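Peer 1: Residue strings, one per chain:
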Amino acid sequence: MSRRKTRKPLPISRLAEARGKEPQKPQDVEDDLKVPPPQPLEDQHDQPLSIDLDENIELLKQRVGASDDIVFRNFKINNAGELNATLVFVDGLVNKDQLQRDLMGSLMLFARQTCRAEWSTGTHGYDAIKNHLLTLIELKDVTTIRQCVEAVTAADALLFIDGSKKALVLGAKSWEHRGISEPGTEQVVRGPRDGFNELFKSNVALVRRRIKSPYLRVKYARIGRRTQTDMAIMYEENIANPSIVKETFRRLSLIDVDAILDSGYIEQYIEDNPYSPFPQVQFTERPDRVAAALLEGRVAILVDGTPFALLVPAVMSNFLPSPEDYYERWILTSATRLVRTLSIIIAILLPALYVAIVTFHQEMIPTRLAIAIASSREGVPFSAVVEALLMEITFELLREGTIRVPGTIGSTIGIVGGIIIGQAAVSAGLVSPLMIIIVALTAIGSFAIPAFNVGLSLRLLRFPLIALAGSFGLYGVFSGIILIMLHVVSLRSFGVPYLAPVAPSNLSGMLDTVIRGPLWALSRRPKMFRPRQKQRIDKPAFIQHQQEKGRDDNAEGNS
Amino acid sequence: MPKVTVRISSRQLMLLKLTGITGTIFFGAVRLLTTMAGAHAYLAILGGGVASWTVIFLATRIAQRFPAETPFEYAQIIFGKWFGKLFGFALISFNLVAASLILRSLGDFLITAILPQTPLSVNITLMLVLICVGTYLGLEALARFNEAFYPFIFLSWVLVLAASVPRLDFGWFRPLFDIGPGQLTSATIVAGTFLIDSLVVLVFYPFVTDKKVVLKYTTWSVVMGTILVLLLQGAVIGVFSPNLANTLTFPLLELAQDASLGVFLERIEALYLAIWVVGTFIRVAVVFYAAVLGLAQTLGIKDHRIFIPLLVVPVFYLSFQADNVPMSFNYDSLFSHYGIFIQFGFVISLLLGAMFRGKRGRADSESKSV
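In order, the protein sequence lines correspond to chains B and S. Per this note's numbering, numbering through the first sequence is continuous, rising by one, with the last residue being 559. Per this note's numbering, numbering through the second sequence is continuous, rising by one, with the last residue being 370.
For reference, chain B alone in the conformation it holds in the complex:
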């Protein structure tokens, strides 16, 4: 914790101050990791259930209102007492087949055979039904009306029995959902094809299936006062640094809003610096990526209703690799990494450098090229900086336009963009052909960055850089870079310096940043996340293999 700077005032910390809550002090790991308690529904006082069934039902109806999708099914339990009972559930969110078979069938047909006569009323009747009749796996008692409301709205079925002060919550959630399909945002050529879907429990299972370690911890929590969104926090206990895990829980527990509709909401509440253009929380649709992150000592947050899991802490070097990097051989991957580094430089710098050189430092360009540029710019009415801004804005418009329209119209826009704007603008003498090439290269560069959001932020930063280049030349460009770099080096994600392992530098970490070293050489987990177990492989397997091979060769030679 000592490494962490005290954060600047953030929405979340302001919330904490407003509520007079002190951040939890670091104690022992285990007893401190409390899941944030579910936020109570607002402006409703709680009260215990009554012994009278009708009264309970009336109360519940008052609370959940006259919604047509909430089903109240009254029936008589076929035991000696002929008890009245009511089953409450939200239509479409429970498995009706299961309820019919395991609940209604048991209670209405077989109750008399199974239950003794003295178990027929009140508390006895309730216990007998719970312990002897219902064959459902998930059963829970609730005793207050608020718990009942929460259970019904959280898609559990609720069984009220006359004469009992308790109600039974029956876990039979089931709803229509998307199957496991290939992740749309992170496609790979080589590697697993399964991606998360909108069910957080199945997402947790996808990760759990990959890590069979007993140290994998999964904590459930509910967040959002009205949406009551489920989430799971996952970490590998003997790898993840306790202070990072604790900090994650602390920040999550401070979120008090009415709606969490996507993990993006959570990201914006827990990030360190909300004013930075750089993302400080990583999102992914890929279970293999989550598994890899957990094994590096990071924490994953899986949210119900979205296929995007969050990974914290996330530093710059986390956004550059694609999961595929680790499945392909290292030399090829290292080359790919270098290409990506180049793509970042192009995405952020190319138009600015062009503007600076054409406007201020023509002497830098070789004479022939200078003549070519000058002749291509002949007749263009704008200065290079205006031309660059114009084309960049046009490109942004085109990009935004293509994303939102239906696929069939998309190609039309492509034609409009490519032919009309590209070709016609040049022949009309509005922009130089060289500028079109620069803008196109920049666009490709920004799309070559695997993380979509980093590409977006770099594209944003390009505009002030172009403006600086137009006013101060290379001096301006580098002033802009100084500002950006100063910001980046002072950023932190959950206490981890954002530019690690480049600055503060760490050689073994660089082996998996600029290039992707051979897997056997990456024997240490990334130092920046301060993992509990630093070593990934005790002895690099390759070296071991080499030594054994040497021994065999010697043995052969001796014989």
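Check before you lean on any hint, since a few could be wrong.
[Claimed, not checked] FRET-style restraints, in silico, Cβ to Cβ:
1) S:57 to B:329: 57 to 63 Å
2) S:227 to B:275: 39 to 45 Å
3) S:112 to B:400: 55 to 61 Å
4) B:189 to S:168: 48 to 54 Å
5) B:367 to S:243: 38 to 44 Å
6) S:80 to B:275: 42 to 48 Å
7) S:5 to B:405: 47 to 53 Å
8) B:189 to S:241: 57 to 63 Å
9) S:5 to B:327: 39 to 45 Å
10) S:5 to B:423: 37 to 43 Å
11) S:93 to B:400: 51 to 57 Å
In short, the hints are calculated from the structure, not lab data. In this text the structure is predicted, and so the values were computed from the model without any measurement. A virtual CB, placed ideally from N, CA and C, is assigned to each residue, including glycine.
For chain B, the structure is supplied; the task is to place chain S on it using the hints.
Peer 2: Using the frame of chain B, we list chain S on its own:
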């Protein structure tokens, strides 16, 4: 004001010092040394290296006596409250003057070399804005920034050197040792000033985590800095001859101008310049940060950041004291003749004061809070 723990490593300190030496070498150092010692500047540089290492060694000794405090704090312990504060102000003024001189050199350089149409004040203001941001973000950010950027500065010098190798003529160095003792001494003093940068060690020592290896790393920085300056100076003399080099305003820039990167980018000195501007930024930001931090600590105020706007004004004002480029060169040369003595004076008075009065600082804590 939240308490911020600032920690840098010895390696980061070394790199900061190296940038201090090599980031600004292209302004005045080579020109001054060439005019003063001609082909024999290498002797002066070697002598200057030894002299500056001595001062840095002494600075490390005094810093080791007060591992948890900056000189602004322990000056008040050694000399008493009022004299200590006076000492602090002297140190701050020195830093402010140094910052403004470098800033002015940068402005002159930009106007001469790449932006002849842009007014001096605009260039300097833009750099000052960057410096304020850097100072606001603090030492840790500056050290990391430098760490990430130093390879490029280093690479730029290596490229300049490599490109000049084919044009070297060792005949220009003959006759050896043909230099008067007085000339050599004054050149050595100037070289020492360019290589020393002892205040970085003095002020930032308490923020270093691995204090045991500070001397090792700072020694390395002096050695590497000396070698680099030696090579660059040698390249200037070897390529241009002492007589021609004497007439050049920015010899290193001329050296870089002939270097080309393949056929695509022929005259890439503007790119070098841009990289060196970053080096200059780091140098000035570090010096200015030391001044701002010093003022806060001398006055006993926790948050140094409120003094940034206050101290920007004198730096801006001082950087306009010279009316023209020759005058600014004059100031530079004046400063170079006394810089090492002033720094030596600061260090030795602290050390002797502490030794005679038997003062020691608090035990070392892991890191320092600001």
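Peer 1: Which constraints among the numbered hints does this structure fail? Numbers only, ascending.
Peer 2: 1, 3, 5, 10
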